[in-house]
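Chains as they are written, first to last, in the numbering used here: chain R, 1 to 381; chain V, 382 to 762.
Don't read these hints as lab results, they were simulated from the structure. Each hint should be verified, as a subset may be incorrect.
Cut-off 16 Å, straight-line C-alpha distance, at most; resulting in silico cross-link-like pairs (EDC-like, lysine to aspartate or glutamate) [unchecked claim]:
(1) 728/V <-> 92/R
(2) 285/R <-> 351/R
(3) 152/R <-> 439/V
(4) 745/V <-> 92/R
(5) 364/R <-> 567/V
(6) 347/R <-> 653/V
(7) 152/R <-> 473/V
(8) 641/V <-> 679/V
(9) 152/R <-> 567/V
Which chain R residues stay away from chain V? Per the calculated CB distances, all over 10 Å, these [to be verified]:
(10) 6
(11) 39
(12) 54
(13) 66
(14) 115
(15) 118
(16) 148
(17) 168
(18) 269
For every residue, glycine included, the Cβ atom is placed at its ideal position computed from N, Cα and C.
One-letter residues, chain by chain:
Protein chains: 2
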Amino acid sequence: MVSASVSKQMVKFLSNVTKESLLDVQGVVRKTDQKIVSCSQQEVELHVEQAFVVSAAEPVLPLQIEDAARSESSLEEGDGPSIRVNQDTRLDNRVLDLRTPANQAIFRIQMGVCELFRQALQRQGFVEINTPKIIAVASEGGANVFEVTYFKNSAYLAQSPQLYKQMAIAADFEKVYTIGAVFRAEDSNTHRHLTEFVGLDLEMAFHYHYHEVVDVIGQMFNAIFRGLADQYSEEIAAVNKQYPAEPFQFLDPPLRLEFKEGVAMLREAGVETGDEEDLSTPNEKLLGKLVKAKYCTDFYILDKFPLAVRPFYTMPDPQDPRYSNSYDMFMRGEEIISGAQRIHDPKLLAERAALHNVSLDKIKPYVDSFRYGCPPHRPPP
Amino acid sequence: MVSASVSKQMVKFLSNVTKESLLDVQGVVRKTDQKIVSCSQQEVELHVEQAFVVSAAEPVLPLQIEDAARSESSLEEGDGPSIRVNQDTRLDNRVLDLRTPANQAIFRIQMGVCELFRQALQRQGFVEINTPKIIAVASEGGANVFEVTYFKNSAYLAQSPQLYKQMAIAADFEKVYTIGAVFRAEDSNTHRHLTEFVGLDLEMAFHYHYHEVVDVIGQMFNAIFRGLADQYSEEIAAVNKQYPAEPFQFLDPPLRLEFKEGVAMLREAGVETGDEEDLSTPNEKLLGKLVKAKYCTDFYILDKFPLAVRPFYTMPDPQDPRYSNSYDMFMRGEEIISGAQRIHDPKLLAERAALHNVSLDKIKPYVDSFRYGCPPHRPPP
Numbered sequence: 001m002v003s004a005s006v007s008k009q010m011v012k013f014l015s016n017v018t019k020e021s022l023l024d025v026q027g028v029v030r031k032t033d034q035k036i037v038s039c040s041q042q043e044v045e046l047h048v049e050q051a052f053v054v055s056a057a058e059p060v061l062p063l064q065i066e067d068a069a070r071s072e073s074s075l076e077e078g079d080g081p082s083i084r085v086n087q088d089t090r091l092d093n094r095v096l097d098l099r100t101p102a103n104q105a106i107f108r109i110q111m112g113v114c115e116l117f118r119q120a121l122q123r124q125g126f127v128e129i130n131t132p133k134i135i136a137v138a139s140e141g142g143a144n145v146f147e148v149t150y151f152k153n154s155a156y157l158a159q160s161p162q163l164y165k166q167m168a169i170a171a172d173f174e175k176v177y178t179i180g181a182v183f184r185a186e187d188s189n190t191h192r193h194l195t196e197f198v199g200l201d202l203e204m205a206f207h208y209h210y211h212e213v214v215d216v217i218g219q220m221f222n223a224i225f226r227g228l229a230d231q232y233s234e235e236i237a238a239v240n241k242q243y244p245a246e247p248f249q250f251l252d253p254p255l256r257l258e259f260k261e262g263v264a265m266l267r268e269a270g271v272e273t274g275d276e277e278d279l280s281t282p283n284e285k286l287l288g289k290l291v292k293a294k295y296c297t298d299f300y301i302l303d304k305f306p307l308a309v310r311p312f313y314t315m316p317d318p319q320d321p322r323y324s325n326s327y328d329m330f331m332r333g334e335e336i337i338s339g340a341q342r343i344h345d346p347k348l349l350a351e352r353a354a355l356h357n358v359s360l361d362k363i364k365p366y367v368d369s370f371r372y373g374c375p376p377h378r379p380p381p
Numbered sequence: 382m383v384s385a386s387v388s389k390q391m392v393k394f395l396s397n398v399t400k401e402s403l404l405d406v407q408g409v410v411r412k413t414d415q416k417i418v419s420c421s422q423q424e425v426e427l428h429v430e431q432a433f434v435v436s437a438a439e440p441v442l443p444l445q446i447e448d449a450a451r452s453e454s455s456l457e458e459g460d461g462p463s464i465r466v467n468q469d470t471r472l473d474n475r476v477l478d479l480r481t482p483a484n485q486a487i488f489r490i491q492m493g494v495c496e497l498f499r500q501a502l503q504r505q506g507f508v509e510i511n512t513p514k515i516i517a518v519a520s521e522g523g524a525n526v527f528e529v530t531y532f533k534n535s536a537y538l539a540q541s542p543q544l545y546k547q548m549a550i551a552a553d554f555e556k557v558y559t560i561g562a563v564f565r566a567e568d569s570n571t572h573r574h575l576t577e578f579v580g581l582d583l584e585m586a587f588h589y590h591y592h593e594v595v596d597v598i599g600q601m602f603n604a605i606f607r608g609l610a611d612q613y614s615e616e617i618a619a620v621n622k623q624y625p626a627e628p629f630q631f632l633d634p635p636l637r638l639e640f641k642e643g644v645a646m647l648r649e650a651g652v653e654t655g656d657e658e659d660l661s662t663p664n665e666k667l668l669g670k671l672v673k674a675k676y677c678t679d680f681y682i683l684d685k686f687p688l689a690v691r692p693f694y695t696m697p698d699p700q701d702p703r704y705s706n707s708y709d710m711f712m713r714g715e716e717i718i719s720g721a722q723r724i725h726d727p728k729l730l731a732e733r734a735a736l737h738n739v740s741l742d743k744i745k746p747y748v749d750s751f752r753y754g755c756p757p758h759r760p761p762p
């Protein structure tokens, strides 16, 4: 923002220009005697000579940018104006809502996350792939799948790039990643459920142990956290101004706990939970708080989930068949990525599928891809 | 590829390992006395001490990699074996087909194109966005749109990110790009028609003239051409080995012709075509050859298309209302990108839509996005 000095004739013209209109302004930038505290450019001001309205906004706007940009903390504390723009007004007028500093910053941070994700993986030889979105069969279970009218037939929208990533590994790509739309027909109204979102996925073959992969993913997250702090500090500050939050803490290397240890921490805090029981959402949140208090990190890895709570294609732990070579990773008590070593032996896969009452007929090309030589691998879906 | 020396006991074991199986091999790398001409590593060979089958392929493969990788020119000239793997066999066994050197290279070149596209635009301050794929109304005309069952309602798959890119410009992003799936319900069996593909799209506001945008796109293509030649020469050579092609030629800055000039070149070559007639596919190809012969370039820009053959939202040429501020770009005689200055004035947009019998009711949020101040802009759809 820059302060502008305007001739008197022009004042009349400019005072009739509607808010949010676009102007072309010609003028001279001059040093100021006194700092202009209310502007981001404090040392200079613009002496306007000519001004043209490029695009005039309508006189009445459906929302005011100042209202949409108001800090949550000032709204809660009641200091200053208390007009809150509701979510429906924002979404009905998204083009105006996106002009707030926080939303401008959020889009740039989203770009940053994707860019840092790609950079971290490309450094390690990953290949970017694109996977099909319209698929012939509801491959992953069949629930929560959108149906598409495909000429005279039906098709479905892919819930994840999972099968295609794995087929890329079977096709000798070794390490792949993909960023793209995924679709879930979940009619739920929580901030964890969207019918469409952008997924960041990776898959890699490993040499000795699936922890090679866990380490690559953990380091990738740290690269993203560091990159955001280094390259996007202005954007993070803009978001914080509207939505105050504590700085994000993480450890290098990232903290890795076994599922058992997490259960022990929860029990110590008074929670009753079974050895082979999955974490409920409240328990995930609580565990996030306990980990933060004990280890000072907002990010951690929970490894070796009970086999019983994971999908049929998850590789059992060779040391203890009650557990599995699978993990979730958490940010501020919410799961942000889930992964496992996948069974790459068609016989074991058929056994495990039968135990889970899953029919493999529908995903024959997937199962077949393990028949012609496939390295052990794992992904986070 | 590396030559390997193996003990006699091991020969028996290894000779029973099926083709395309995965092995872990332990051994010593030794310098050789003579160059091993048949291998990519010609100075060393591997003395195998231990070998483990990690994943055994089935004894009979549905296709042989050597057959799938055979050069088109050797198949045409009939020197060497003449087994051609048909397209249906390839697609039914995609995991094996993708193991050919050409396909491995094609995927890496695809990654390179996206990476170079992003780099060229990020250098100029573009922001990467993601746009919705499931949309509420068949916004762009309604033909060729896939319908999705959306809980108790119907929705559609976006044919392009067009409207969303423009709304991002109206939302003050200035310069945006997006890479993502687009969907076209076209039941055509040509290499130019796919029901799903990955689109690379950009949109930017300009200051004085839409040629600012044409120049940015032209330079972006040159950056991609140069980057591929510099960083992906091995991959291009691998593709050329199977699919021979002449080296790609381009000019810096790129050649820009007006539509009129293209028509004149076609007429000089004996083609009858009207001043305001669109280019047919054969005429596009012919013009590509004429341009290559005259200017030595496989890439060129054709500017100022007749207004009559472009969509309703195209900005008319202020100098000559028979023409428009729109262009196509061509590679080897095929259109690879199409763009135009978009009308950003809601009144003019309504006039042009009425002339084309297009109803604007369905795309109200798009039209409304121009009502609150929107810079002139343009995109290639």
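Now for the hints, and whether the structure bears them out:
no.	hint	verdict
1	728/V <-> 92/R	violated, 21 Å
2	285/R <-> 351/R	violated, 35 Å
3	152/R <-> 439/V	violated, 36 Å
4	745/V <-> 92/R	holds, 11 Å
5	364/R <-> 567/V	violated, 28 Å
6	347/R <-> 653/V	violated, 66 Å
7	152/R <-> 473/V	violated, 22 Å
8	641/V <-> 679/V	violated, 20 Å
9	152/R <-> 567/V	holds, 13 Å
10	6	holds, 19 Å
11	39	holds, 18 Å
12	54	violated, 7 Å
13	66	holds, 15 Å
14	115	violated, 7 Å
15	118	violated, 8 Å
16	148	violated, 5 Å
17	168	violated, 7 Å
18	269	holds, 39 Å
Hint compliance for this structure: hints 1, 2, 3, 5, 6, 7, 8, 12, 14, 15, 16, 17 are broken, all remaining hints hold.
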